[in-house]
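K.L.:
Protein chains in written order, with our numbering: chain A, -8 to 317; chain B, -11 to 261; chain C, 15 to 354.
Treat the hints loosely; a few may be bogus.
[Unchecked claim] List of simulated lysine-lysine pairs, DSSO-like, C-alpha gap at most 30 angstroms: (1) A/Lys266 / C/Lys224; (2) C/Lys162 / A/Lys266; (3) A/Lys142 / A/Lys114.
[To be verified] Sample of chain B residues with no beta-carbon within 10 angstroms of chain C, all distances over it, derived: (4) Thr36; (5) Ile220; (6) Ile251.
Source of the hints: derived by calculation from the structure; they are not laboratory data.
Even glycine gets a Cβ: it sits at the ideal position worked out from N, Cα and C.
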Amino acid sequence: MTGSPLIEVEDLRIDLNDGSRKVPAVESVSFRIDRGETFGLVGESGCGKSITALALIGLLRPPLSIGGGVIRFEGREIQHLSAAKQRALRGNRIAMIFQEPMTALNPVSPVGRQIAEMFVLHKGKSWREANQLAVDALASVRVPAPERRVKDYPHQLSGGMRQRVMIAIALACGPDLLIADEPTTALDVTVQAEIIELMRNLCAERRTAILMISHDLGLVANVCRRVAVMYAGRIVEERGSADIFRSPSHPYTQGLVASLPRLGSRAALGRTRLKEIAGVVPAIASFPDGCRFNPRCAQATDICRTTAPGTDLLGAGGLVRCHHHA
Amino acid sequence: MKLRANLVIGGALFALAILVGLLAPWLAHTDPIMDANLMNAEEAPSWTWWFGTDGQGRDIYSRVVYGARVSLTVGIVSQLINSVIGVALGLSAGYWGGWWDDVVNALTNLMLAIPSLIFALAIMAVLGPGLTSLLIALGLTNWSFTCRIARASALSLRSQGYVQAATVLGYGDMRIMITQLLPNMLGPIVVIGTLGMGSAVLSEAALSFLGLGVRPPFPSWGSMLSEARDQITTAPWLSVFPGLAIFLTVLGLNLLGDGLRDILDPQSRSRRT
Amino acid sequence: MHEPQGRPDDDLILSVEDLAVHFPLGGGLLGRERRLLRAVDGVDLSLRRGECLGLVGESGSGKSTIALSILGLLTPTRGRIVLDGQVVTNRQSADRKALARIVQIVFQDPYASLNPRQTVRRTLEDPLRVHGVTAKSEIEDRVATMLKHVGLRPEQADRYPHEFSGGQRQRIGIARALILNPRIVICDEPVSALDVSIRAQIINLLLELKETLGLSYIMISHDLGVVEHMSDRVAVMYLGRIVENGHWREIFERPAHPYTQALIAAIPDPLRHAPLATTGGDLPNPLNPPNGCAFSPRCRYAEAVCRSEPEPTLETRPDGHAVRCWRSDEIAHQTSLAAT
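Isolated chain A (complex conformation):
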């Protein structure tokens, strides 16, 4: 393998045009994902994680637009590609699955046809061949009786089965990168385990990199090798997943880890009052000056209120954006 990453994001900025002015919804976001790697982007609603993913796949629509920075796919800049070239990339090399498969699937088309379409569109197969490949694809995502299921419509399938179909569509053309935006948030925990394991195994077999986006730090830390935590449009910490829970460095990450009731902690330590993160998540139009976490941060000092912190290197390839990091 060469050292060049599969996808590289450098200083990405995404603007939200609210009619009179442009507000940065995402700013100074940089990360890279290697071939076959699993990378997680974690944060709360409005932190910019989902629109960052949409920017990668070329699906940003007004009022959102890329305001600066570079996105490289296999070393080639893709942020200004024509619509046609982006379409060729999408589905074929970069695929995406969404939180709610019911809205992402076409309700009036049998699922087999929707999978087959990918082979016709991107691989130039005949419908006859493609239909056979669709059965194989359904079998590969462990849908029982795939030759019968291809004729089903999305509403005839359970939530878990629909997400399997989404994965089959996403992986149909053997993409190099799979973006999974909250892929299991709408699913029950035992079904989540099934879907996560399926996604993880299939991607490992095919050396497909995963960019997983979620609000669930625990899930992402379990699935991904590296995790970046976003807050109010910026990445505040990027670490190996084992480190981020054991020794979080940014006060926000520390707060997140300490505030969640973790299974087994009451049995081990008794019921203690959960650590709260004070205040509320800021809206895009009212991101505070300086470090955007400063109004909620117990350690904030004057510099935090005026100057945005730069990125500091931690051991083992970690990055943190904080004036007072641990």
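Following the hints, position chains B and C against chain A.
P.N.:
Here is chains B and C on its own, set in the frame of chain A:
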């Protein structure tokens, strides 16, 4: 903020019509009925007679000004009756469901199947002509759209958390409908009501034109048109000015309705992102 | 904690006996078979004063149906609900008010659960007026006190819901549930729609209020971490039935039913980059439940007895822990062997 042209122009036209109706005694040059003078019959518009005069020498401008009172009264009052009937039936049907919903649905479908003007004609035939009959006839025949909208809103609102919470808090059905459901469906109801007022103004004109509305000599825009139809070639001003008044008022109401729809659209109101 | 005095029944504030809620689906017309969804089918539950009962299970397991039945929003097909000594199952709509003063609910979605056209004050004052509180000063006092209880400032009372964040809205929802001084509060996924950094605030608030106001909770959640943190006892549901019911520590440290075990094992461990334990297959279609034990098609311990009628009964052990499984003793033996 983009200035919403339809809202501003529509509101201005409607406000103008209301002002004219309210200030009619001050705006009119002559009494619309009594000041007939055959010496001035069928004068063309001039500095003395802005809109000209009719066959009996009455000032058309003054009659149009007073006619606003009839047209707007019919438009506003009859649509108010329609809105109240439509909301009461639709809201209760959507909230309670069951057999009552079936009854209301059947009634609504019946109303939609009969052209409302024909229905109003039939009612007028029974009640006889006059302003009161006009209000009743138009007020009873145009509630089906309001009813449908109210029913659909009630159906979707009924499962909202705050409606369930009100039930759990022991609120009675009436209170739930009035405090929880009604305020949240008012937007579309107001829009439909505004558009309905426009069509009521037109219906008044149509019924008066057919001689079933306000009796002569009292002026209404519709009855003026009706009287003017024989002179349309010889004295076109007799029909042009009342016609223009109807056109501008209905246009204003339609623009206002569109404008209200734009700002009351629940999608633009939601703050959730 | 104090030991219950006198007869144990005195301490019960809620008991649900053999509750069943069935929904008929589809008409019998045109030869289509009329199907019955057994959303809840024979559930017994009890709640003691000051206790928090966790109700756990996946979507379609019947948790919310039980909640709606207790609140009087659904009419049960069978069974009895006794609230504070009164049977409330076949109540007339007139005593909905009496019921309202005993049991209330905090909803999941703080956005849909507040009337967008009413100020916070109106939202809190109206219930008092409905329940016959007329003195203006008393109403104002109670609203101000309640706002303070849930951590809002009195001057925020005249604002509309859209002026608040999700966490603050949930505080308003809690204030509304508590304004009539109920004895029981059903918390239906009270934090799952909130931002992660806000959840701890609401969980702490709910636990504080339970102590200061002497409340009893039924805590419905799919987040086992939250349930473990808040509950005294936990009932696990699967396809309309309770499969395990016991002290929180027993449930989480020594789960006896294979489904409870699967639920706990499926939670990702953030400290380990390791595969998640999978159960095999999706939830079965509740309209066509499996023969015998409903969990048998997904259960790794299932044997012939599990797949044939009759289904296992909920057996209560001497320590009060109840399990619905033919093989729980053998499984407990196996897992303890595996652990050593």
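K.L.:
Against each hint, give a clear statement of whether it holds in the structure.
P.N.:
Evaluated hints:
Using a Cα cut-off of 30 angstroms, the hinted pair lysine 266 of chain A and lysine 224 of chain C holds, with the two alpha carbons roughly 18 angstroms apart. As the CA atoms of lysine 162 of chain C and lysine 266 of chain A are separated by approximately 21 angstroms, the hinted pair is consistent with the 30 angstroms bound. A distance of roughly 22 angstroms separates the Cα atoms of lysine 142 of chain A and lysine 114 of chain A; the hinted pair therefore holds under the 30 angstroms criterion. For threonine 36 of chain B, the requirement that its beta carbon stay farther than 10 angstroms from each beta carbon of chain C is met, with the minimum near 54 angstroms.
The claim that isoleucine 220 of chain B lies off the interface holds: its Cβ sits roughly 51 angstroms from the closest Cβ of chain C, which is beyond the 10 angstroms cut-off. Against chain C, the non-interface label of isoleucine 251 of chain B holds: every CB pair exceeds 10 angstroms, the least being about 15 angstroms.
In summary, the structure agrees with every hint in the numbered list given earlier.
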